[in-house]
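Visitor: Counting from 1, position 110 in the sequence shown corresponds to residue 110 in UniProt numbering; the numbering is continuous, with no gaps.
It cannot be assumed that every hint is accurate.
[Said to hold, decoys possible] Here are the simulated lysine-lysine pairs, DSSO-like style, with alpha carbons at most 30 Å apart: (1) Lys168 <-> Lys91; (2) Lys59 <-> Lys246; (3) Lys59 <-> Lys117; (4) Lys168 <-> Lys59; (5) Lys117 <-> Lys176; (6) Lys176 <-> Lys91; (7) Lys168 <-> Lys117; (8) Lys91 <-> Lys117; (9) Lys59 <-> Lys176; (10) Lys91 <-> Lys59; (11) Lys176 <-> Lys246; (12) Lys168 <-> Lys246; (13) Lys91 <-> Lys246.
[Stated by the list, open to error] Using C-beta positions, here's what the derived DEER-type ranges look like: (14) Asn60 <-> Ser193: 16 to 26 Å; (15) Pro254 <-> Ser67: 34 to 44 Å; (16) Glu69 <-> Arg294: 53 to 63 Å; (17) Arg286 <-> Asp165: 30 to 40 Å; (18) Arg255 <-> Glu69: 48 to 58 Å; (19) Ser280 <-> Glu105: 17 to 27 Å; (20) Arg294 <-> Val265: 17 to 27 Å; (21) Ser95 <-> Arg158: 16 to 26 Å; (22) His283 <-> Glu63: 23 to 33 Å; (23) Ala174 <-> Asp106: 37 to 47 Å.
Because the hints were derived from the structure by calculation, they are not lab data. No experiment lies behind these values; they were computed from the predicted model shown. Beta carbons are placed, not taken as given, at the ideal position from N, Cα and C, and that holds for glycine.
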Amino acid sequence: MSLSPAPQTENTLTAPADEVDETAAVLDDERDSLAALVDELPDIPFDKVAPMDARALSKNLFERLRSVEEGTAEYSYVRNTLIELNLALVKFAASRFRSRSEPMEDIVQVGTIGLIKAIDRFDPDRGVEFPTFAMPTIVGEIKRFFRDTSWSVRVPRRLQELRLDLAKAGDELAQKLDRAPTVAELAERLQLSHEEIIEGMAASNAYTASSLDAQPEEDEGEGALADRIGYEDHGLEGIEYIESLKPLIAELPPRDRQILSLRFVGNMTQSEIGEELGISQMHVSRLLGRTLSRLRRGLLTES
């Protein structure tokens with residue numbers, strides 16, 4: 001007497017094949033989608049793309065990036081294309097540091113990390129051009145690279161780590177708020193007291209007091225950003241002045257640095273500063289005026 005096979009045996013054997021067919025179909029669709037994208041964006045020698053063309057292509061790519069699912073092959077392709085297309089920003093930023101001892105290749109690599117962070121954070125709906133948005137992040141990443149390896153005096157490890165946390169939180173809040181964060185906002189972000197935040201800021205005085213943005217002699221006569229990457233961004237001048245101020249501020253007497261911090265970091269009025277330090281508002285005004293004049297003269301001398 002022969003036994004007939006159970007009905008479910010055939011189904012059990014054919015089910016995996018169905019799943020394989022379905023998976024293959026999904027992969028085919030993804031490959032077709034990627035192939036279509038490649039057709040739209042042919043192989044481009046990115047180092048030869050004109051700056052204005054790079055801007056136009058980037059706008060289209062950012063719109064495309066928003067419409068595809070993160071983690072897919074198409075998403076990776078668009079993201080990598082954006083990186084390649086905007087490497088001119090990194091090379092421009094890195095060129096400002098070529099007088100440093102670090103190899104230019106390392107500086108470009110660090111700047112590329114900043115570019116990738118900017119690409120991942122960029123929101124086209126905010127109405128800001130991508131290079132304007134990205135340049136502070138790229139420059140900040142390079143400066144942080146030098147800061148992290150350029151302590152001029154011995155600083156406790158706790159303060160070194162706090163300084164790095166402050167730098168990261170400051171960058172993130174600045175991108176979110178479109179302005180420099182206050183001490184209170186930094187304290188809330190890092191869940192620290194105001195005193196700890198100020199202590200971490202004071203640790204920056206232990207960095208080497210040299211302007212990382214000081215142009216080497218070979219930079220004299222070179223054009224502005226518009227001449228290098230095709231459009232003008234006056235905001236970069238502000239970045240340079242801020243960085244040029246750091247070594248000048250480091251040379252100020254402690255009380256003058258404290259007054260500057262309370263006024264421009266803590267957003268305190270002159271009267272509030274006077275109450276904090278136990279001096280009159282008029283005295284605060286005189287000290288602040290004297291300090292700002294000194295910094296102004298220092299900037300003019302450096303220029």
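Visitor: With reference to the structure, classify each hint as holding or not holding.
Guide: Verification of the hints:
no. : hint                          : result
1   : Lys168 <-> Lys91              : 22 Å, holds
2   : Lys59 <-> Lys246              : 35 Å, violated
3   : Lys59 <-> Lys117              : 17 Å, holds
4   : Lys168 <-> Lys59              : 27 Å, holds
5   : Lys117 <-> Lys176             : 13 Å, holds
6   : Lys176 <-> Lys91              : 26 Å, holds
7   : Lys168 <-> Lys117             : 12 Å, holds
8   : Lys91 <-> Lys117              : 16 Å, holds
9   : Lys59 <-> Lys176              : 21 Å, holds
10  : Lys91 <-> Lys59               : 20 Å, holds
11  : Lys176 <-> Lys246             : 23 Å, holds
12  : Lys168 <-> Lys246             : 18 Å, holds
13  : Lys91 <-> Lys246              : 24 Å, holds
14  : Asn60 <-> Ser193: 16 to 26 Å  : 47 Å, violated
15  : Pro254 <-> Ser67: 34 to 44 Å  : 54 Å, violated
16  : Glu69 <-> Arg294: 53 to 63 Å  : 55 Å, holds
17  : Arg286 <-> Asp165: 30 to 40 Å : 36 Å, holds
18  : Arg255 <-> Glu69: 48 to 58 Å  : 56 Å, holds
19  : Ser280 <-> Glu105: 17 to 27 Å : 55 Å, violated
20  : Arg294 <-> Val265: 17 to 27 Å : 18 Å, holds
21  : Ser95 <-> Arg158: 16 to 26 Å  : 36 Å, violated
22  : His283 <-> Glu63: 23 to 33 Å  : 56 Å, violated
23  : Ala174 <-> Asp106: 37 to 47 Å : 25 Å, violated
Checked against the numbered hints listed earlier, the structure breaks hints 2, 14, 15, 19, 21, 22, 23; every other hint is satisfied.
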